[in-house]
Amino acid sequence: MSPFLPDLRARLPQFIGARPDAADALRALKVALVGVGSVGRGIAFHLARFGGILWLVDRGRLKPESQLTHPGVGPADIGEPKASNLARALAACGFCGQGFAHDGPVEELPLVAFADAGLVVLASDNLRAEVEVGRRCAQLGKPLLQASVHGDTLVAQVRFFSGKPGSPCPACGYTKAEWQAYRENRPFKCEPLGWVTPRQQESPPPAPTMSTSFLCSLAADMAMVQITRFALGLGAPVADTLVEYAGYTHRTVVSPLACKADCPGEHLEWRQVRLGMHLGDTTLRSLAATAGFAPRSFEVDDYTFAERGGCGCPTTVPLGRFVTPGEGVEQCAACGCPIVGHPFYLHRPVPASAVEGALDRPLSSLGAGAARWAAVRGDDRAVLLFHGPDAMACWGAGTS
Amino acid sequence: MRVEEVQRPVPQGGLAALDDVVLDARLQGLLDARAAACGGPRWWASRKRAEARDLAAMSVVAPRFKVCELDLRETFRALATLRAPVPCRPNGAGQLRVERLALLGITYEPRYVFEDAPGYAFVTILEPAGVWHPNVATRPAQAVCLGPTLPAGILVKDLVVLTYAALAMDRKLVQMDERAAAGVMNAEAAVWWQQHGGLVPLTGTPFLAPGD
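Those protein sequence lines, which keep their order, are chains A and B.
According to the numbering used here, numbering within the first sequence proceeds without interruption in unit steps and concludes at 400.
According to the numbering used here, numbering within the second sequence proceeds without interruption in unit steps and concludes at 212.
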């Protein structure tokens with residue numbers, strides 16, 4: 001709780017049907033906020049007044065145009081990373097119990113980065129981030145709120161996904177056009193040679209979302225209504241619903257969200273197990289035993305399992321260990337070049353039958369000593385295992 | 001002795017009609033065994049089974065292609081032979097060596113169903129060693145680049161045909177300009193092939209045709 005902020009109860013209304021400890025429930029909110037631009041920044045300022053814990057994630061930097069739509073952004077902020085700028089702004093106001101910031105894409109964070117969050121809020125116009133956050137929330141069983149605007153039609157929209165097994169994810173509602181936009185999101189380069197392709201050089205910067213500060217603020221406020229209703233159990237459940245306000249007609253529509261049968265998301269909640277030891281000290285067999293079922297496959301943090309490696313010599317050599325992309329694990333005696341995982345013999349996830357010889361070796365001796373999490377998958381279930389302190393180390397000390 | 005040419009039952013629709021191809025016992029057995037261990041989300045498992053079925057059918061109708069092994073457990077993986085001219089590093093006298101058979105390792109990650117992929121993401125030449133081609137890497141593996149980017153959801157059978165065209169040094173596909181970079185995996189070979197343009201293409205035989 002922030003020492004500078006008055007007690008929340010000084011202004012908190014007696015919500016109809018609210019529990020008596022409403023202030024405590026709001027203060028206990030732990031929210032991961034992905035995308036802290038025009039909409040997300042507004043949500044953050046509201047959430048911070050509750051005094052809970054916030055994790056802020058954004059890959060972008062503040063631009064001069066950000067002043068048009070981002071609350072509380074002035075000329076001195078231009079050029080700063082959005083997430084850490086916001087964390088500092090909240091700390092300067094004396095808001096927020098504790099804040100952590102990640103200035104980069106959400107994909108950079110380990111899967112377990114949101115393990116302690118009670119709610120994930122998504123306010124990004126990046127489709128890759130949307131799909132990734134939706135996937136993570138489904139796996140971690142975290143409720144996810146998504147707030148967005150459509151400037152041309154004066155529409156503000158809030159979707160709330162419960163994160164329960166069988167519930168929808170953001171990608172469930174994607175149209176063909178959205179999948180096309182998802183596809184075209186990222187240019188590629190021929191990485192083995194490190195050369196930039198002409199296409200990449202010519203790619204125009206992505207078009208910004210066109211909107212106004214009031215519409216973004218409206219979406220943020222609508223999101224807060226849903227968050228408060230969710231946290232305090234006010235009114236009808238908000239889980240798996242879409243609330244849409246259309247400015248041209250002043251109509252608000254609430255509709256149910258449904259899981260699409262052919263959605264590419266796995267929609268499988270992973271049971272979570274916090275280990276009392278570092279992952280590096282465990283073995284795949286012990287992880288499988290903790291999971292409690294015969295594993296179909298293993299996934300270990302960002303590592304890939306390399307059955308065999310190569311260096312350019314005519315023959316490949318057995319490796320049987322985890323590697324990171326391009327990591328040279330040993331030197332070839334014949335040519336002196338580093339031996340790296342051969343692309344045809346890389347596995348991620350790695351089938352259990354491909355690691356039979358490595359089941360009893362500690363992960364640290366298999367090249368995955370720094371693993372922050374591991375997943376054991378069966379045919380219709382999965383278990384996520386992690387060491388809490390390692391999982392949260394990606395956030396650093398944070399601000400208070 | 002009477003030599004009878006084996007007629008391969010190419011469907012009228014060619015590679016677009018692989019569903020109509022009847023598999024022999026070996027291929028059906030391989031497919032059934034690997035499908036039993038097929039893992040992943042439902043959509044991905046279905047996709048892998050369909051791609052595997054296509055490759056098996058392609059083995060029946062294409063005289064130059066044979067699927068040897070399939071792995072549908074997680075990432076889609078296939079081991080296959082492709083009868084095609086495979087240019088290999090010239091000998092000391094500067095003479096190009098051309099092998100007739102390539103052993104291909106094909107992998108397909110589920111994310112490439114929805115994302116455009118770099119051209120080198122799918123096919124690796126496991127044998128022969130020493131492939132000498134502008135669009136085939138030399139180390140750490142002989143990854144084949146089939147273009148700067150490949151569209152999301154590209155079919156595995158199309159990757160095989162593209163690989164054949166690349167090995168045949170089809171002018172429409174092969175990128176030889178080492179300055180353009182996109183697709184060039186071996187700049188030294190690219191320069192060599194620019195100087196030996198008369199050798200291109202190595203074959204003009206269509207993929208489904210017998211011969212070569």
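Hints may contain errors.
Stated by the list, open to error - Calculated pairs, DSS-like style, for lysine-lysine (alpha carbon to alpha carbon, straight line, at most 30 Å):
| no. | chain 1 | residue 1 | chain 2 | residue 2 |
| --- | --- | --- | --- | --- |
| 1 | A | Lys-176 | B | Lys-157 |
| 2 | B | Lys-157 | A | Lys-260 |
| 3 | A | Lys-176 | A | Lys-164 |
| 4 | A | Lys-30 | A | Lys-176 |
| 5 | A | Lys-63 | A | Lys-260 |
| 6 | A | Lys-260 | A | Lys-164 |
Honestly, the hints are just simulated from the structure, not real lab data.
Values in this document were obtained by computation on a predicted structure and should not be read as measured data.
Consistency of the hints with the structure:
Annotation: proposed proximity of Lys-176 of chain A to Lys-157 of chain B holds, straight-line Cα distance about 24 Å (limit 30 Å). For the proposed pair Lys-157 of chain B and Lys-260 of chain A, the alpha carbon gap of about 28 Å is at most 30 Å, so the pair holds. For the hint linking Lys-176 of chain A to Lys-164 of chain A, the alpha-carbon distance of about 26 Å falls within 30 Å, and the restraint holds. Taking the CA atoms of Lys-30 of chain A and Lys-176 of chain A, the gap is near 35 Å; set against the 30 Å cutoff, the hint is violated.
The hinted pair formed by Lys-63 of chain A and Lys-260 of chain A fails the criterion: a straight-line CA distance of about 37 Å is larger than 30 Å. At most 30 Å may separate the alpha-carbon atoms for a hinted pair to count; Lys-260 of chain A and Lys-164 of chain A meet this at roughly 14 Å.
Hint compliance for this structure: hints 4 and 5 are not met, and every other hint is.
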